[in-house]
Every structure is written in structure tokens, then in C-alpha cells.
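First residue of the first sequence? That's 1 in the numbering used here, and the numbers climb one at a time after it.
Careful, some of the hints might be misleading.
Derived CB-CB ranges, DEER-like [to be verified]: (1) Pro210 to Arg398: 44 to 54 Å; (2) Gly112 to Ser348: 35 to 45 Å; (3) Ser307 to Leu237: 45 to 55 Å; (4) Pro189 to Arg215: 14 to 24 Å.
Simulated crosslink set (EDC-like; lysine to aspartate or glutamate; CA at most 20 Å straight-line) [stated by the list, open to error]: (5) Lys152 to Glu105; (6) Lys339 to Glu258; (7) Lys339 to Glu295; (8) Lys194 to Glu170; (9) Lys48 to Glu119; (10) Lys279 to Asp409; (11) Lys279 to Asp82; (12) Lys245 to Asp346; (13) Lys133 to Asp409; (14) Lys155 to Glu111; (15) Lys279 to Asp346; (16) Lys194 to Glu183; (17) Lys339 to Glu311; (18) Lys28 to Glu66; (19) Lys155 to Glu113; (20) Lys122 to Glu89; (21) Lys24 to Glu46; (22) Lys245 to Glu311; (23) Lys279 to Asp373; (24) Lys133 to Glu105.
Since the hints were derived computationally from the structure, they do not count as laboratory data. Beta carbons are placed, not taken as given, at the ideal position from N, Cα and C, and that holds for glycine.
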Amino acid sequence: MTAAFFLVDGNSFYCSCERAFDPKLRGKPVVVLSNNDGCVISRTAEAKALGVAMGEPWHLARRRPELAAVRWFSSNYPLYADMSRRMFEVMASFSPDIEPYSIDEMFLSMEGEAGELLETAKSVHEEVLRVAKIPTCVGIGPTKTIAKLANKHAKNSPDLRGVCDLGSPEARTELFRTWPVSEVWGIGPRSSAKLAAHGVRTVAEFLDMPSALVRREMSVVGARTQDELRGVPCLPLSLSPPTRKNVAATRTFGTPIEGRATEEAVAAFACRAAERLRKLGLAARHISVFLRTGEFREGPRHSCLASAAIEPTADSLFLSAVAARLARENLREGIAYAKGGVMLGDLSPAGETADLLPSRDPVRSSRLMQAIDAVSARHGRNALRPAACGTTDRWAPRQGNLGNRFTTDIRELLKAKA
DNA sequence: TCTGGGGTCCTAGGACCC
DNA sequence: TCTGGGGTCCTAGGACCC
Numbered sequence: 001m002t003a004a005f006f007l008v009d010g011n012s013f014y015c016s017c018e019r020a021f022d023p024k025l026r027g028k029p030v031v032v033l034s035n036n037d038g039c040v041i042s043r044t045a046e047a048k049a050l051g052v053a054m055g056e057p058w059h060l061a062r063r064r065p066e067l068a069a070v071r072w073f074s075s076n077y078p079l080y081a082d083m084s085r086r087m088f089e090v091m092a093s094f095s096p097d098i099e100p101y102s103i104d105e106m107f108l109s110m111e112g113e114a115g116e117l118l119e120t121a122k123s124v125h126e127e128v129l130r131v132a133k134i135p136t137c138v139g140i141g142p143t144k145t146i147a148k149l150a151n152k153h154a155k156n157s158p159d160l161r162g163v164c165d166l167g168s169p170e171a172r173t174e175l176f177r178t179w180p181v182s183e184v185w186g187i188g189p190r191s192s193a194k195l196a197a198h199g200v201r202t203v204a205e206f207l208d209m210p211s212a213l214v215r216r217e218m219s220v221v222g223a224r225t226q227d228e229l230r231g232v233p234c235l236p237l238s239l240s241p242p243t244r245k246n247v248a249a250t251r252t253f254g255t256p257i258e259g260r261a262t263e264e265a266v267a268a269f270a271c272r273a274a275e276r277l278r279k280l281g282l283a284a285r286h287i288s289v290f291l292r293t294g295e296f297r298e299g300p301r302h303s304c305l306a307s308a309a310i311e312p313t314a315d316s317l318f319l320s321a322v323a324a325r326l327a328r329e330n331l332r333e334g335i336a337y338a339k340g341g342v343m344l345g346d347l348s349p350a351g352e353t354a355d356l357l358p359s360r361d362p363v364r365s366s367r368l369m370q371a372i373d374a375v376s377a378r379h380g381r382n383a384l385r386p387a388a389c390g391t392t393d394r395w396a397p398r399q400g401n402l403g404n405r406f407t408t409d410i411r412e413l414l415k416a417k418a
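From just these sequences and the hints, can you work out the full model?
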């Protein structure tokens with residue numbers, strides 16, 4: 001018996017979610033755009049073949065005549081989150097040892113004989129496609145880093161039919177000889193440049209580097225990556241989500257805004273962040289607010305950052321009022337801001353540390369928040385909102401082509417023709 | 001002439017991830 | 001008109017303590 005990690009990753013995940021509900025999109029080039037319909041954050045193989053790059057600004061790309069037929073969607077996170085949950089459920093039936101790593105990626109810890117593991121991986125691939133309607137690739141390796149690499153290799157090589165097993169040292173030696181070290185999980189542009197300066201370009205060359213040198217150039221993180229690539233597990237599966245340290249809500253505005261509208265925007269972000277905080281059962285002791293002018297526009301630049309220590313809370317009314325005040329005290333008259341956000345930090349479990357002299361009644365606050373969350377769940381987030389958020393949402397991002405929330409909103413169910 | 005040494009906590013910045 | 005929005009971890013250096 002050997003132990004192995006599987007990394008299961010949804011192919012073009014957001015696009016696949018849109019496709020799952022519209023068979024006409026099969027085989028067609030599809031892209032999903034970031035907030036504000038800004039850049040491409042997911043693209044199908046067909047779109048990639050037409051030359052659409054990840055992160056490319058769509059307003060420029062779409063002018064290219066060859067991209068006229070590309071179907072595009074504004075991102076629809078409630079749908080993607082729900083599809084992710086379905087994917088997780090299918091995979092959890094294969095192993096209880098499962099770690100959701102991102103919205104479209106999950107690590108599984110498995111045991112079995114070498115051939116057995118490969119067969120199991122094929123079954124995972126088929127079941128996720130059959131039940132959750134998401135095509136995936138599965139990478140197998142003795143460490144998480146190798147499983148990631150195996151997964152990427154499966155993505156690059158369609159003839160592997162979605163599954164790649166790098167469990168054996170022989171299989172790895174062959175691949176590592178040519179695999180660029182810059183494509184290893186954990187090695188970004190900075191480390192790649194440092195390695196290139198030492199003449200190191202492939203994984204094999206990286207493994208030949210003395211550990212002490214790797215440690216000096218890339219700290220313990222790089223040293224860990226090197227060990228993992230040698231087949232020594234350093235990164236365990238984490239079965240429970242780590243305790244959060246920050247919760248943030250930030251946005252680029254649909255169009256730049258000034259003065260009062262920016263106060264309303266950060267107040268709305270504070271509400272959004274507070275909502276997430278409550279869902280996590282946490283309270284924050286620190287709030288910070290930022291506003292920034294656009295990077296791509298002429299005109300005066302300004303960015304402001306303000307923060308405050310607060311009594312532990314997840315109260316939307318309080319947090320939105322503080323956020324609006326911080327903005328008001330720090331923003332500059334006549335400057336149009338393009339981007340802003342609220343970050344809540346210094347988190348602790350809600351109700352754990354009672355302030356000795358709380359200025360608000362925590363019981364009343366928590367009841368009020370429960371009521372607000374209940375109304376929002378039923379009638380949408382905008383049904384009930386603090387006055388500080390205003391009523392016009394002049395900051396709201398553009399969403400030019402939003403698909404339906406097929407699975408999470410009763411009003412947007414898929415309609416079947418009989 | 002000699003000018004401690006070790007520890008903790010905090011923050012800013014760097015690097016990386018999806 | 002239109003260029004994302006989240007996160008984490010590590011290190012270095014300063015402040016402070018005894």
C-alpha cells in the first residue's frame with residue numbers, strides 16, 4: 001500500500017459552470033469576466049485556441065475579429081460556489097480526507113496499490129463529470145506539490161484523458177528533465193528570476209541545487225518546495241479550514257466616484273464584510289478602509305488608508321458607520337476614486353471576549369443582525385440596509401451579461417421545455 | 001578600557017496562491 | 001465606457017523588556 005495525494009481541479013471552472021446549464025455552449029469558445037466585466041478570468045480550450053489570454057482586458061480583446069463568436073459572461077459567484085459544493089460532495093464519497101483548496105480545486109488523501117490509485121482517479125474524474133457536470137483533471141503524487149504538477153501535466157496533455165500519475169520516481173525523472181521550474185506550485189516570477197540567475201530552469205536542475213543555497217535565496221518556503229519535489233511530504237492535508245485572520249470586501253467601482261458616494265461605497269463594503277464575519281462566527285477588533293484613484297486614467301492620483309481599533313463586533317450598522325466616517329475624514333475633495341475596500345482584522349470567535357464596558361448592547365446587536373440576515377436571505381441583500389450605505393449604489397460594478405443563478409435562486413431556475 | 005544578550009511583539013514589505 | 005478580488009505565510013527591523 002502506498003499513500004498518495006490527488007489534486008482534482010475543474011477545467012475552465014467558471015466556464016464549465018455556465019456550460020453545465022447550456023448544452024449549446026459545448027465545443028464553443030466561452031469566457032467569464034472579472035468584476036466590472038474587466039478582464040478574462042476563465043476561458044475554455046476553444047477560447048484559448050483563438051488566442052484569448054488569461055487576465056486580458058476584454059474591452060480590448062473583443063475587438064479582434066476572430067473573437068466575434070466568443071460567448072462571454074459576467075462572473076456569477078453564487079452559481080460557482082454552489083457548483084463547487086457539488087463537486088466537493090462527489091469527491092467526499094471517495095475519501096473523507098479531503099481539503100478544499102480553492103473554489104475549483106480539492107486535495108484528497110488516498111491509499112492503495114499503484115495501479116489501484118490510477119483506477120480510482122479515473123472514477124473520480126468520471127463521477128464528478130456525471131454528477132456535478134464539471135470536467136476535471138486529476139493529478140496523483142506522493143506530495144501535494146507533485147500532485148499539483150501531475151494535474152497541470154494532465155491539463156496540458158489531452159491524450160492522458162484527464163488523469164496523470166506521478167507516483168513513481170521513474171515517471172517523475174522523465175518529466176522533470178524538461179519541466180520549467182517556473183511552473184511549479186509555490187515558485188512565482190521573483191523566485192524564477194533568482195533561479196535563472198543561477199542557471200536553473202528545469203525542475204531537475206532545481207533538485208540538483210544545494211539545499212542551503214535554496215534556503216538562502218528562497219527562504220524556508222523554497223526549501224519546502226524542493227523537498228516536496230523530491231517526494232518528501234512537507235505540506236499535510238488540512239481537514240479543517242484555518243482560522244481566518246482577515247475578512248475583506250473591496251471593489252473597483254463601475255465608474256469613478258467622489259465625496260459622499262465613496263462614503264456610501266465603503267459603508268456597503270463594511271456591511272458585506274460584516275456579513276461574512278457573522279457567517280464565520282467571528283468578531284473584528286480592527287477595521288481599515290482604503291480608497292484609490294484609477295491606475296489607467298489621466299488626472300490627479302490619490303490613495304488614502306485609514307484604520308481604527310474597535311470593540312470586538314460583527315455589527316453591520318456600527319461597522320458601516322465607522323467605515324463611512326473614516327472615509328469622510330480622509331478622502332480628498334474633488335478626487336474621483338476608482339477603487340475602494342474595507343478590511344476587518346484582529347478576529348476572534350464572536351462572543352468570546354466580552355468588553356468590560358461595551359458601548360453597545362451586544363445581545364441587542366446580535367439579535368438585530370440575526371433579523372437582518374434572515375430578511376436578506378429571503379428578500380435579497382438590498383431589502384434592508386443601513387442608511388450610511390445610501391440608496392443609489394453609484395459605485396456598483398458593471399455586469400453586462402450575467403447568467404442565471406440556476407441553482408441558488410428559485411426565481412432563476414432552469415426552465416425545461418416539455 | 002570596558003559598552004550584554006536574549007527574548008517577545010508588532011509592522012511593513014515581499015512573495016506567492018487561485 | 002471598459003484593466004479582479006480575495007487570501008496566506010515569511011522575513012527583517014524596530015521597540016521594548018529584563
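Verification of the supplied hints:
| no. | hint | result |
| --- | --- | --- |
| 1 | Pro210 to Arg398: 44 to 54 Å | 52 Å, holds |
| 2 | Gly112 to Ser348: 35 to 45 Å | 42 Å, holds |
| 3 | Ser307 to Leu237: 45 to 55 Å | 35 Å, violated |
| 4 | Pro189 to Arg215: 14 to 24 Å | 20 Å, holds |
| 5 | Lys152 to Glu105 | 12 Å, holds |
| 6 | Lys339 to Glu258 | 11 Å, holds |
| 7 | Lys339 to Glu295 | 10 Å, holds |
| 8 | Lys194 to Glu170 | 28 Å, violated |
| 9 | Lys48 to Glu119 | 30 Å, violated |
| 10 | Lys279 to Asp409 | 19 Å, holds |
| 11 | Lys279 to Asp82 | 16 Å, holds |
| 12 | Lys245 to Asp346 | 7 Å, holds |
| 13 | Lys133 to Asp409 | 19 Å, holds |
| 14 | Lys155 to Glu111 | 24 Å, violated |
| 15 | Lys279 to Asp346 | 16 Å, holds |
| 16 | Lys194 to Glu183 | 14 Å, holds |
| 17 | Lys339 to Glu311 | 27 Å, violated |
| 18 | Lys28 to Glu66 | 13 Å, holds |
| 19 | Lys155 to Glu113 | 24 Å, violated |
| 20 | Lys122 to Glu89 | 17 Å, holds |
| 21 | Lys24 to Glu46 | 14 Å, holds |
| 22 | Lys245 to Glu311 | 16 Å, holds |
| 23 | Lys279 to Asp373 | 9 Å, holds |
| 24 | Lys133 to Glu105 | 15 Å, holds |
Hints 3, 8, 9, 14, 17, 19, counting from the list given before, are not met by this structure.
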